Structure formats: structure tokens, C-alpha cells
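Got chain A; can you put chains B, C and D with the ligands on it based on the hints?
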Amino acid sequence: MTGFPDLRADFPILETGVHFLDSGASSQKPIQVLEAMDRFARTSYANVHRGAYKLSVAATDAYEAARQRVADFLGADHDEVVFTRGATTSLNSIAFGWGLEHLRPGDRILTTVMEHHANLVPWQMVAKRTGATLDHIPITEDGRLDLDAFLEKLDERVRVVAVTGMSNALGTIPDVPWIAGRAHEAGARVVVDAAQLVPHREVDVRELGADFLAFSSHKMLGPTGIGVLWGRMDALEEMEPFEGGGEMIADVTLHNATWAPIPHRFEAGTPPIIEAVGLHAAIDYLDSIGMDQIFAHDQHLTAVALERLSDVPGVQIHGPRDTENRGGVISITMDGTHAHDLATILDEHGVAVRAGHHCAKPLMRELGVAATARLSFYVYNTEEDIDATVTGLRKAGELFGVG
Amino acid sequence: MTGFPDLRADFPILETGVHFLDSGASSQKPIQVLEAMDRFARTSYANVHRGAYKLSVAATDAYEAARQRVADFLGADHDEVVFTRGATTSLNSIAFGWGLEHLRPGDRILTTVMEHHANLVPWQMVAKRTGATLDHIPITEDGRLDLDAFLEKLDERVRVVAVTGMSNALGTIPDVPWIAGRAHEAGARVVVDAAQLVPHREVDVRELGADFLAFSSHKMLGPTGIGVLWGRMDALEEMEPFEGGGEMIADVTLHNATWAPIPHRFEAGTPPIIEAVGLHAAIDYLDSIGMDQIFAHDQHLTAVALERLSDVPGVQIHGPRDTENRGGVISITMDGTHAHDLATILDEHGVAVRAGHHCAKPLMRELGVAATARLSFYVYNTEEDIDATVTGLRKAGELFGVG
Amino acid sequence: MALEELYREVILDHYRNPRNRGRLDEPEATAEGMNPLCGDEIHIDLRFEDGKVSAIAVEGQGCSISQASASMMSEAIKGKTREEISDLIARFRGMMSLEGGTDPGIDPDRPGASLGDMEALQGVRQYPVRIKCAALGWTVLQDALQS
Amino acid sequence: MALEELYREVILDHYRNPRNRGRLDEPEATAEGMNPLCGDEIHIDLRFEDGKVSAIAVEGQGCSISQASASMMSEAIKGKTREEISDLIARFRGMMSLEGGTDPGIDPDRPGASLGDMEALQGVRQYPVRIKCAALGWTVLQDALQS
Ligand SMILES: Cc1ncc(COP(=O)(O)O)c(C=O)c1O
Ligand SMILES: Cc1ncc(COP(=O)(O)O)c(C=O)c1O
Chain A
10 MTGFPDLRAD
20 FPILETGVHF
30 LDSGASSQKP
40 IQVLEAMDRF
50 ARTSYANVHR
60 GAYKLSVAAT
70 DAYEAARQRV
80 ADFLGADHDE
90 VVFTRGATTS
100 LNSIAFGWGL
110 EHLRPGDRIL
120 TTVMEHHANL
130 VPWQMVAKRT
140 GATLDHIPIT
150 EDGRLDLDAF
160 LEKLDERVRV
170 VAVTGMSNAL
180 GTIPDVPWIA
190 GRAHEAGARV
200 VVDAAQLVPH
210 REVDVRELGA
220 DFLAFSSHKM
230 LGPTGIGVLW
240 GRMDALEEME
250 PFEGGGEMIA
260 DVTLHNATWA
270 PIPHRFEAGT
280 PPIIEAVGLH
290 AAIDYLDSIG
300 MDQIFAHDQH
310 LTAVALERLS
320 DVPGVQIHGP
330 RDTENRGGVI
340 SITMDGTHAH
350 DLATILDEHG
360 VAVRAGHHCA
370 KPLMRELGVA
380 ATARLSFYVY
390 NTEEDIDATV
400 TGLRKAGELF
410 GVG
Chain B
10 MTGFPDLRAD
20 FPILETGVHF
30 LDSGASSQKP
40 IQVLEAMDRF
50 ARTSYANVHR
60 GAYKLSVAAT
70 DAYEAARQRV
80 ADFLGADHDE
90 VVFTRGATTS
100 LNSIAFGWGL
110 EHLRPGDRIL
120 TTVMEHHANL
130 VPWQMVAKRT
140 GATLDHIPIT
150 EDGRLDLDAF
160 LEKLDERVRV
170 VAVTGMSNAL
180 GTIPDVPWIA
190 GRAHEAGARV
200 VVDAAQLVPH
210 REVDVRELGA
220 DFLAFSSHKM
230 LGPTGIGVLW
240 GRMDALEEME
250 PFEGGGEMIA
260 DVTLHNATWA
270 PIPHRFEAGT
280 PPIIEAVGLH
290 AAIDYLDSIG
300 MDQIFAHDQH
310 LTAVALERLS
320 DVPGVQIHGP
330 RDTENRGGVI
340 SITMDGTHAH
350 DLATILDEHG
360 VAVRAGHHCA
370 KPLMRELGVA
380 ATARLSFYVY
390 NTEEDIDATV
400 TGLRKAGELF
410 GVG
Chain C
2 MALEELYREV
12 ILDHYRNPRN
22 RGRLDEPEAT
32 AEGMNPLCGD
42 EIHIDLRFED
52 GKVSAIAVEG
62 QGCSISQASA
72 SMMSEAIKGK
82 TREEISDLIA
92 RFRGMMSLEG
102 GTDPGIDPDR
112 PGASLGDMEA
122 LQGVRQYPVR
132 IKCAALGWTV
142 LQDALQS
Chain D
2 MALEELYREV
12 ILDHYRNPRN
22 RGRLDEPEAT
32 AEGMNPLCGD
42 EIHIDLRFED
52 GKVSAIAVEG
62 QGCSISQASA
72 SMMSEAIKGK
82 TREEISDLIA
92 RFRGMMSLEG
102 GTDPGIDPDR
112 PGASLGDMEA
122 LQGVRQYPVR
132 IKCAALGWTV
142 LQDALQS
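Chains as they are written, first to last, in the numbering used here: chain A, 10 to 412; chain B, 10 to 412; chain C, 2 to 148; chain D, 2 to 148.
For reference, chain A alone in the conformation it holds in the complex (with noise of 0.2 Å):
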């Protein structure tokens, strides 16, 4: 696409050739990110919210900074955005804070059957000790909601709606405030696992609608260990702590505590301070692309990609087969040849492709296989990955015999 910067500069690990498709499971960190955190180990750090010293007032300020910037990137309020250890962390934080405190037996949980573990085996979990019972919304033919069955399966006794803002296995982009729109309407609160959604496309939290959303700092160029829960305010104050510890109380006696206020009330223990920065660092980089551009930037690949794959005799595509709604991420599968052979002969060819299940079995069961290759975009990407990965599958094909 032109237009597009190449960024891949900025990117030290692409250096070898690699071509990385794999940023779905995690993506790779620009030096601006890396520096940002070094920088601030070398010069400012100490334990935040503690001291009266001025390290630790320039820690504290810089870990608050980072909050703001959060809040800003997402359209929320300073106090909304809570870090955690990442989506994972963040999901399960809302079903065991909210859930166990809100959810009796009789009581709904809607998911979707396309959902990432993490968005799914807290709730089965949280319905297991509440009572509760787990629906899930099933998927059309070509991998999209079946929002028909969304609504036949919506009722008053669904208490929690909890949906992917973007499938990790099939790129799908569920119309979450339409989704949003219908649950509040029925007094559902709405979960969003934004793990994919938001490191590729603009959320507004008000736009979207919902009452809580989890994503992570390393699929957005950001550092391991620290990801985001927000909540909308009148949600968060509905939720106990997932931890007790340090930083989070008001008082405590030796048989009683009593919560600090909100956002702290949810940090039990030192946060991940340098990777609030490092986060802080990996949002200014993204906006500075702007995330229209980097949208645009997924669709076109993801375009050019279905279309070259197409003509790779033997290769299935799941999920939908144009870019309407959808983000980056391709799964596929080859005819008589292993997801895993697929990414061990792509990675011999210089590419980096995840196979396996992609924390999604529910859907690969749904989907008929057991595992898929899936390729996914982000902003480092060309096309020329794309000639490489259509390349090593055509050797696949001559290896295993295919078409």
C-alpha cells in the first residue's frame, strides 16, 4: 500500500530477514519502546505510591503518566483504567471480581464460541462455583456471530455478555456496540477481550459501548507484563479485588481491610512500573503511525494475502474470505499436510507463522480441524512476507504431495 511508512528500521529483531507473522501471539518492540524503559531504569526508577523522596515521586508521576496516556488512547476516564499482568490477568480479574460478587444459580454468562480461553475458562470456572450456567453464541458458515442466534439466545437472565473484540484465530471484528447496545437492553454488562481489537484499530469505550474491556501491552508493540483492564466507573465500583495486598487498602486491621479507592483498589503489590512506561512509549509510536493507517495498513495485507493464498493449491481459508470487518489474521490449513508441518516448513523459508490451536479449541472443534497455520499483520509487515509465506507453502505442497 503506498503511503505506508517502512518502519522496519525501528524493529532491530527483523534484521535477520525473518519474516514475523506471528504478531497475533505477541508482537515485536521498536527501539523507541525499549529505550524509553532503559532510560527510565537508568534514571528514575523506584517502587511508585510509597516514597517522599523524589525518585520515587518521578516514578510515581512517570507510572500515573502512563495511565493518562492509556485513558487517552481509549477515549476513558484516569481513574477507569486499571494495569494488570495483561488480558489474561485483566479478564479474570472481571469474572472472578464481578462475577462471584453478581452471578447466582439461574444467573446467564453469553460467550461466543470463538472465544480465546482467556475469555472463556474464567467463566466456566466463576459459573462453576456461582451457579450459574454458560451459553455461547455460535458462528456462521464464513466465521462471523450469528447475531440472530445472539438474540434468540439473549433473555433477563443473562447477566454478562463476554465477547471478543477481534477473534485471534479468524480475524473476525464482532459489531460489539451493536452487541453492547442489545445486552444493556436486556441488563447484561458487556465484556469486551480487546486483546487483538485494540493493539490494530481505534476503540473509543464510550463508542464502543462496553462496561469492561481487557487487552495486553505486548501484542502492541509494548513490553510483557503489564496489560489493561478498564472499566466504566459504575462497573469498576461493582467489583471486588482480585487481590489483597499492599498499595490497595484504605485500613487494615489483623481480621479486616478496607479497599483504597478506584484504580488502586485493583493494584494489590508493586505494579509492573518500568512496563508502564515501556507501554506509555509503545502507544506514542502507534499514535504517531495512527491507527487508521495501521488498520488500513492490516486490511491491505490481509487482502493481498487471501488473494495469493487463494491460488495455493490445497489451502483452506477459515473465516471470512474479504476484509469486512475483520483485522489481520489469517488461519489456514493445507490438504493431507499438518498445521505444524506447514509452520515448521514456513519457518525454513525465513517465516514465522503460529499452528496449534490458538488457545481457541472450542472453535477449532467448531471449525472441524484440529489445529490451523495462522498468519497475522501488524506494522512491520510487506508484502514481500506474504510472497515468502505463499512460497513456502507451495513447497509444502510438492513435499507432501498436495494438488
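Note that these hints are calculated values from the structure, not bench results.
Just so it is clear, the structure is predicted and the values come from calculations on it, not from any experiment.
One thing to keep in mind: the hints can contain errors.
Claimed, not checked - Where chain C lies over chain B, by a calculated footprint (3+ residues, C-beta under 8 Å):
{"id": "1", "segment": "347 to 353"}
{"id": "2", "segment": "363 to 370"}
What the hints assert, rightly or not - The list that follows gives simulated cross-link-like pairs (lysine-lysine, DSS-like), each with its CA atoms no further than 25 Å apart:
{"id": "3", "chain 1": "A", "residue 1": "404", "chain 2": "B", "residue 2": "63"}
{"id": "4", "chain 1": "C", "residue 1": "133", "chain 2": "B", "residue 2": "404"}
{"id": "5", "chain 1": "D", "residue 1": "133", "chain 2": "B", "residue 2": "63"}
{"id": "6", "chain 1": "A", "residue 1": "404", "chain 2": "D", "residue 2": "133"}
All residues carry an ideal CB built from backbone N, CA and C; glycine is no exception.
Just chains B, C and D with the ligands, lined up with the frame of chain A:
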């Protein structure tokens, strides 16, 4: 002390001349650690356990090598080491993952009055959910655990003894091997909050005799965002996962999930990968000095400080007055001067100390103070840091008209 | 070193000899608050007569800045109307560069708006982490007026 | 490129035409296992006669390496005693540089110890992440023998 190397050149943040005496809250990081993380992110980064391509194998190897490094450091087995977000999460994982499964009404949890909130609040939460009762071992006048009282409180209804390995407020190092022996005789599990112990003194988990151990990387020269939960295999086997999600499952259907083998079962989602590499480098750094040397250095500085501080008019020292079974943490107050004012005045003298309740409010009540100022030492500290503190304290005395 | 600017004599005097210390019987307005990060606490009781503060009592514990600030505040609002107090609060916040503050300049001619001893707290501005200490009493006062 | 070394014709043949496929009625030993990281699965049934494997059936799904390896393994152990199988397992592990392996050299003269087609799996050693695939069937076999 003669013989201990001058390491300050490894810590760029100390170039400003700051007398950093708040390592108890969080330590500074040497360039060796920062560079190890940076190098890894620039050359070998990918998500772990997921990819069939070379980068992912390299990242997985680095991550599992870090686990092995921690295991070796503790005298533990590879699979007994679980990476968490920090000591707080480790302790919550134990309290909820083990406690919710095994505690019943009438069961007793025995902890101490000098615990950090991280080893107290989770047990309060779990006690409330299970109907177990919480009791606390008191301390003696000089800030040591009252072991007679411990024996009196210990009976066969005590299912878990949760004790600090080293008090973050007083420096006291309880005799955990002895306590663990008695607790095991009574049939209780032993949980050790080693957040202050592991960074400062050699720990062999078999000799310590604990069932579970928790600590954080950021207090031992490593990065934020990662900590360790160690458990004896039979103890870990009694634990349910605290979080559900990817990578911790064996199989997932729409309504059920089965767990992956230990330790993966306890590591839902993308772990702190880059941070694990940093922790590995931090342990290498600590071991290159030698943990015995480090503890001796802490004790030397403590002895010097105890002596020089006792000459400052109006200064009260809380906790043990000698260096027997105590680490390099000293809590002080000054007559007629609040700890926060001390911290501000010391900060103006370039001395960074923490003032407050040190996340140990019950202990503060026990001591009859609202807050203390706390000096805590580590490998980069010298006697000059103590001299600067004494100068600052004398100035405080002047300003507030003490003595 | 700005320490002498921070710990001015008048502040230390209020810290050592806090004014209007204690509790009121049957207060008409009351509130308490604490700073969860440092543990400082302030409790305020108020009574009114003819729309003006006729009695105030302050209790609390914490650092010199929080306790002195509350003591000064108790002096400053005695005999003032709710409106005058609102104005004082805004002027104090302004002096401390806090949100919702107005008119950071101190204007002794403006009726009812002199900050009196409080002006000694200007030195706190150089210690951002201590501004919260200075503000605690005023935040609790606001809560009490709304109670 | 070592791909041709990895995907030797004999491996692809076992993958496409797995030997001893299916289940046994009333197996005397049985086990199943999976690789949780990739989801590959193997199920093995065994029957013995005169202390030797008289029948074996393998079921499973997964990549070419895991399925071909299990197929080859099923051929290699037929008619062998438990002891001979233990020896085979150790020799296989040795070939793959896995823990508990012995004698990585292939010694066709050693009675009962030829790895036969299995030797084609040597190419897997260059792909450390795929060694687990090759080993899955053997691990399940060990479980079956202990069952
Ligand atoms: C004794 C003790 N336990 C637990 C913790 C909690 O550690 P973290 O904040 O890294 O989770 C700390 C540190 O604050 C501590 O000193
Ligand atoms: C859709 C989706 N949800 C949740 C997660 C979990 O994120 P993390 O592993 O960073 O906790 C992922 C990433 O694996 C994902 O793709």
C-alpha cells in the same frame, strides 16, 4: 567492610549521588540486567510455548532457562517454580488456590502481627469465604516473633502457618526452619513470604522447610512485572489454578477445561517473558557477588547504622537492636517529628528513605506509632549513605527543636 | 536548601500547638478523612450560628504539614459563612496549584479572603508530594460542609 | 535446507499410510497421551503372547512426525519382549538426544535392537521443537507398558 566490592558503577541511577536507602521497597537495577533484557528483546523475542518457529523456540528456551536458574538459586526443582506478577500475586495464588480448596469452618490460619499486607489481606479474604478463622503470632518487645505464643496457638486445627521470612519493617528474620518443623508436626502447611529474604540471604527451600514461598524480582535487582511462587511438588498438587486462560489447560470444551501439568497450570496467559530474562541476569549478578557476602554486607551496614543512629538525639529504633537474625532494614522515629517530615528532610540531603506504615499497619499499631522512616540496604550501599542519613537526621532535630 | 521555606516557624508552631483541638458535642456538620498513601488522618466537627461557623474542633494525626494546615484552616474559617469558606477553599487550592483553585494571588484586601497564617504553606508547593498533606484538612472540611 | 532430511519419503509414507491403525478388543495394556502444547494425540492398545507383543493398534491425530513415528514404532515392537522394547525405547531416546537415552549409535547387529524405519527420524534432531512430536508415541508406549 573490607572486601566487599564497590558496585556503584553498575547502577547508572546512582550517578546523581543519591543515597538510595529504599531497596526494601524496590531495588535499583544494574546495567547487566537492563542489557540482558534489551538484548533479548532485540534478538530473540517471541511468545513462548506457542510457536513452531525458531524465534519462538529461542524465546521459550530463554524463559525455561530462567525457570531453571531460579530453581538452582533456591535448591528447587524446575517444575516447582511458577512465574507470577510478584510476591503479592504469589501469595494470593496460594491463599485462594490452596486455601479455598482446603480450608473449612473451624480451621485456623496462623499468621503474625508483623506481616506485610500481602501476607495478611489475602488470608483475611479467604478466611471470610471459607469460614476459617485467622489468628496472629505476637512479637516480643524487641520485635521478634514470640515463639512461646506460637506454640500455644498451634494446634491441630491450624491448617496453614503463613509467616514472613524477613520483616520488611523491622528486619527481623524469624527462625523459619524451626517454625516449619513445629507447624508440620501439627499437620499445617507453611507459607513463607520471602519477598525480603530471598534478595538478601541464601535460601535453600529444602533447608527452610516451607511448603510455599513467594518473592518478587524487583527487590533483587531484577525488573518489575515478575515474581516467583515456589511450592513443594506435593503442595502445588494440592493447589487449584488461581487464573484460567491460555497455556494453562490440557483441553477445553465449551463447558469444561482440564489443566496442563505443573507449573504451566499456574501460568495462565502470556507470561512476563522479557522480565524472566531480566530476573535470570539479576540472579547471575547476585551469585557472582555471593549471597553470603551480600548478607554480610547488609549486616555490616546495619551494625554501623544501629550504632551511629543511636547517637542522634531523639531517634528511636524499632525492632532488634543487634544484628542477630536480622537483615538490613531499620525503622526509626524521632521524637516530636513525623516520619514524613523526616523523609522530606532526608530527601533534601540526598537520602531516599521511605516513610509510612510499610504496608504493615497492624504492626505499626503494635509498635504504637503511626509511621516510621525506614532505611534499607543493598549491595550498592556504603557507610557514606549512613553518614548522610545521620547528617539529615541531625538537621531534622534542629528544625523541629528536638534534643 | 528550601527546608527553612517549608518548615517555617508558624507551621511548626501550629504543629506543636494545634488550635481548636478536640471534638464538639452535637456537631452540626462533621467529617473525617485520611490519605490512604501515608495514613494521615483528620476529623472535623462544626457548629453554626447565624449562618457562620461558631465552633470548630479538629482531631487528627500525621505529619507537620497536614496537622499544621488543618490547625491554620480551623483558625481561618471561624466566624465565616459557607460562601466565604467556599471562597477560601478555592483560594487555598489556587495557592497550592490544585484543581478547582482560583486566584492564586493572595489579596489581603478582599473581604474575608485573607489566608492569614495559611500563606506560610506556600513553601509546600516546591514539594509536590507534600501538597496532599497540606490539602487533607481542606478536603475533609469540604466533606463536612456537604454532610 | 534440511527439509528433505526431515520429511524423508519413509516418514511421509508412514504418515499417509499409518500401520497398525485402530483399536484392539480387550487390550492387555493401553494408554493414551497428548502433547498439551500442540494438541497431538496418540492412543495405543497392546496384547502379548509368550511375553511378546502379539498385537498392537495405534490411533491418533497430529502432525506427520508424531503420527509417522507412532506408526514406525508399532512396526518395530511387534514380536518383541518387554525387555527388548525397553531397550528400543532407550535407543530411540538416544537417537533423539533425549533424557534417559542410551547408545545413540545405530547397531544393526545387536539382536532386537535395530530401529528399522525409525532411523529416518534422525533428521528431526535438527528441529528441536519437533522432537517432542517424534517422542509422543514412545512416551505413550511407556505408559501402556506400565499400565
Ligand atoms: C515482606 C514483603 N512481602 C510482600 C511484599 C509485596 O511484594 P510486591 O509488592 O512485589 O508484590 C513486600 C514488598 O512490598 C514485602 O516487603
Ligand atoms: C483474543 C485474545 N484474548 C486474550 C488473549 C490473552 O492475552 P495474554 O496472553 O496477553 O494474557 C489473547 C492472546 O493470546 C488473545 O488473542
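Hint check:
Given a C-beta distance limit of less than 8 Å, the hint that chain C covers the segment 347 to 353 of chain B holds, as 5 residues qualify and 3 suffice. Beta-carbon proximity to chain C at under 8 Å applies to 4 residues in the segment 363 to 370 of chain B; the threshold of 3 is reached and the given coverage holds. The hinted pair formed by residue 404 (chain A) and residue 63 (chain B) meets the criterion: a straight-line CA distance of about 19 Å does not exceed 25 Å. For the hint pairing residue 133 (chain C) with residue 404 (chain B), the CA-to-CA distance comes to about 24 Å; that is within 25 Å, so the pair holds.
Among the hinted pairs, residue 133 (chain D) with residue 63 (chain B) is consistent with the structure: their alpha-carbon atoms are about 15 Å apart, no more than 25 Å. With a CA separation close to 24 Å, the supplied pair residue 404 (chain A) and residue 133 (chain D) stays within the 25 Å bound.
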